[in-house]
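Produce the complete structure using the sequences and hints provided.
Protein chains: 4
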Amino acid sequence: MVTNTTTKDHKLALLIIDMINDLEFESGDQLLKYALPAAHAIKKMKEKVKAEGFPVIYINDNYGQWQSDFRHLVRHCIDGDSRGKALAELLKPDEDDYFVLKPQFSGFFGTPLNILLEHLGVDTLILTGVAGNMCVQFTANDAYMYHYKLYIPSDCIASADKKENDLAIETMRQVNKADVRPSTDFSLKHF
Amino acid sequence: MVTNTTTKDHKLALLIIDMINDLEFESGDQLLKYALPAAHAIKKMKEKVKAEGFPVIYINDNYGQWQSDFRHLVRHCIDGDSRGKALAELLKPDEDDYFVLKPQFSGFFGTPLNILLEHLGVDTLILTGVAGNMCVQFTANDAYMYHYKLYIPSDCIASADKKENDLAIETMRQVNKADVRPSTDFSLKHF
Amino acid sequence: MVTNTTTKDHKLALLIIDMINDLEFESGDQLLKYALPAAHAIKKMKEKVKAEGFPVIYINDNYGQWQSDFRHLVRHCIDGDSRGKALAELLKPDEDDYFVLKPQFSGFFGTPLNILLEHLGVDTLILTGVAGNMCVQFTANDAYMYHYKLYIPSDCIASADKKENDLAIETMRQVNKADVRPSTDFSLKHF
Amino acid sequence: MVTNTTTKDHKLALLIIDMINDLEFESGDQLLKYALPAAHAIKKMKEKVKAEGFPVIYINDNYGQWQSDFRHLVRHCIDGDSRGKALAELLKPDEDDYFVLKPQFSGFFGTPLNILLEHLGVDTLILTGVAGNMCVQFTANDAYMYHYKLYIPSDCIASADKKENDLAIETMRQVNKADVRPSTDFSLKHF
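Chains as they are written, first to last, in UniProt numbering: chain Z, 1 to 191; chain F, 1 to 191; chain U, 1 to 191; chain S, 1 to 191.
No wet-lab data here; the hints were simulated from the structure.
Just so you know, not all the hints are guaranteed correct.
One copy or any two copies: either way a pair holds, since identical chains are not told apart in the list.
Said to hold, decoys possible - When the alpha-carbon atoms are kept at most 20 Å apart in a straight line, the in silico SDA-like pairs for lysine to any residue are as follows: (1) 43 x 26; (2) 50 x 65; (3) 44 x 184; (4) 92 x 68; (5) 50 x 68; (6) 162 x 173; (7) 43 x 173; (8) 11 x 118; (9) 85 x 182; (10) 149 x 118; (11) 11 x 64; (12) 50 x 67; (13) 177 x 25; (14) 11 x 83; (15) 43 x 114; (16) 177 x 161; (17) 163 x 175; (18) 11 x 67; (19) 43 x 109; (20) 149 x 109; (21) 48 x 97.
This one's a predicted model, so the numbers in the text were calculated from it and none came from an experiment.
Encoded structure:
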């Protein structure tokens, strides 16, 4: 059962969606092209967020591997020499990072994510990761319905298709009322 | 995303609730007394179930340790020389066993359990574990509302208090329409 | 979409579970015997709660009648001269009372109840109604997992069987940490 | 509790989203322009679907009116002489139509919709209504994660902005694998 630790009231959390990813699927190549610069931007964002003591949560597809741990997936991507190796190395989770395995596109669907966020006292989410028009947007939609404020830095989001990525970001700005300014403009003073 | 593997239509699944447990809490001692014989019965049940190719799912409290893996928890219980070491040794998960970490009493609350069960094509659950009047009963209630048929072998359920355990089993028989015959009566022909 | 009206921060809500009920089922007769005095106690509780401006929420089974409104159900129970007529007359909903139709035992399962409670700013629930060992207990379990504080006045709860009702109340006291003192002891100063 | 009536295995259901709507909000005027021809197309679709005995489900925003019934909302739109009167008259629910009130954009979020669809034995949804880039798309996303097959006839969907509507339809075609051919091409033989 959820214990009431001193982790309450973090207010802000950084979500890193599907970046621990072997990219071994069609269009994985194409996605990598855009995901790599996003990974660099997310890495910097992660440093800023952790410097202030805010939590970082990896949201990851379980790829139908219901018997696997997240740490196992990290090793698979790095040691397995997969297409996504560079991403996993850049964004290798720390011991104190959180993770949530999701069976579907949205990070909230069939997962404890909302319970974890309530446990951490979070009301604002920084969404980053891939793919912008799929898992990120589905997660943004649920986040919006749960009343989280959204910051979705445009340079921390990637999709296999640049135009679809831009459309997804524009939709999240309009429909989900997300702040989509690039992470280079980011300052914790916004929050 | 859920891949449609050949794991469909297993029909039956064995759920082992909170038996991977260091029991390092008040009344853990008392619970161990009843959980140990239950662990022996569950071990036999697990063998029968796996011999027929049905899936085994460990449902486990995350103990507020949102950064930990299930395999880590198993090692903690066994190598850490905890009060629950004997239970974890008897019921050590196999590589092909499934697991679901739950943040609350019910195995369905804030977890992908229902999605996993649909993925596996399961319609009947064998519920086993601890504590009978808490996590087992809460899980049984949700399972009932999701329309699963329930087999809750009375000798595979334990609570810190024998009388409360008996009451929980009787309630699950009446309210949740569970078959509660002991596992010694169990035959896959029932299913 | 949820509008942010001035209804926030009510803190306390009274839930009346399945008392709008034609009782036209086996053991309905038996249930009525205990539900009638409970209805009188709930009526008084409702008056006290409304006098302080707290919301009252009727939680009601939809009886598989997915095409019916709640107001229709109220009329059915009263005008239809059903076995449950006296209950519905005593506890006839006011225009400003809330209602939630549930497809299953728990008031939270497949309903907007938790969203409504968050909308109202509620953190403490007074649970009343029938049947104590079924819909009330299932609702209490979910409420507990959602971290609501529970007051379940023993004289406002009824089941077809007196002994089972007493057991359910005792279980909710122990497992769900509910205050179960009778409503005659109730004072809003507790909250 | 869900009763197992003879309504099982309908396979197909028509969902009509937010068309019972007073449109009394900014851009309601603009939305009406596109929603009116959509209403005519939905009306024809409804006739075809009902002729084959498939269920029709109205999914409707509760507009924060947690104390109101759906039938009340219908009367409000028609008798209240609202901007949305023509829509409500065209698509006035029949006695045997189902309805689900939703507190948020998605018809699945905090509602019994999925339970109702399972109860009806539905595996394919025809999504129609407004707004295409908001409630329809959010509902389509959840439907996709629940593994429903989707038919979203492009002429039965409207948004306040034509271009955004087209983008939403194209996204649902690509991401949610929806069939988006116009309803004029519709034949029950597809299913």
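Evaluation of the provided hints:
| no. | hint | verdict |
| --- | --- | --- |
| 1 | 43 x 26 | neither (26 Å within a copy, 41 Å between copies) |
| 2 | 50 x 65 | between (30 Å within a copy, 19 Å between copies) |
| 3 | 44 x 184 | within (9 Å within a copy, 52 Å between copies) |
| 4 | 92 x 68 | both (17 Å within a copy, 15 Å between copies) |
| 5 | 50 x 68 | between (27 Å within a copy, 19 Å between copies) |
| 6 | 162 x 173 | both (17 Å within a copy, 18 Å between copies) |
| 7 | 43 x 173 | neither (23 Å within a copy, 33 Å between copies) |
| 8 | 11 x 118 | both (10 Å within a copy, 18 Å between copies) |
| 9 | 85 x 182 | neither (25 Å within a copy, 44 Å between copies) |
| 10 | 149 x 118 | both (14 Å within a copy, 16 Å between copies) |
| 11 | 11 x 64 | between (32 Å within a copy, 18 Å between copies) |
| 12 | 50 x 67 | between (30 Å within a copy, 15 Å between copies) |
| 13 | 177 x 25 | between (32 Å within a copy, 18 Å between copies) |
| 14 | 11 x 83 | neither (35 Å within a copy, 37 Å between copies) |
| 15 | 43 x 114 | neither (24 Å within a copy, 34 Å between copies) |
| 16 | 177 x 161 | between (23 Å within a copy, 17 Å between copies) |
| 17 | 163 x 175 | both (18 Å within a copy, 14 Å between copies) |
| 18 | 11 x 67 | between (32 Å within a copy, 19 Å between copies) |
| 19 | 43 x 109 | neither (26 Å within a copy, 32 Å between copies) |
| 20 | 149 x 109 | both (18 Å within a copy, 18 Å between copies) |
| 21 | 48 x 97 | within (14 Å within a copy, 39 Å between copies) |
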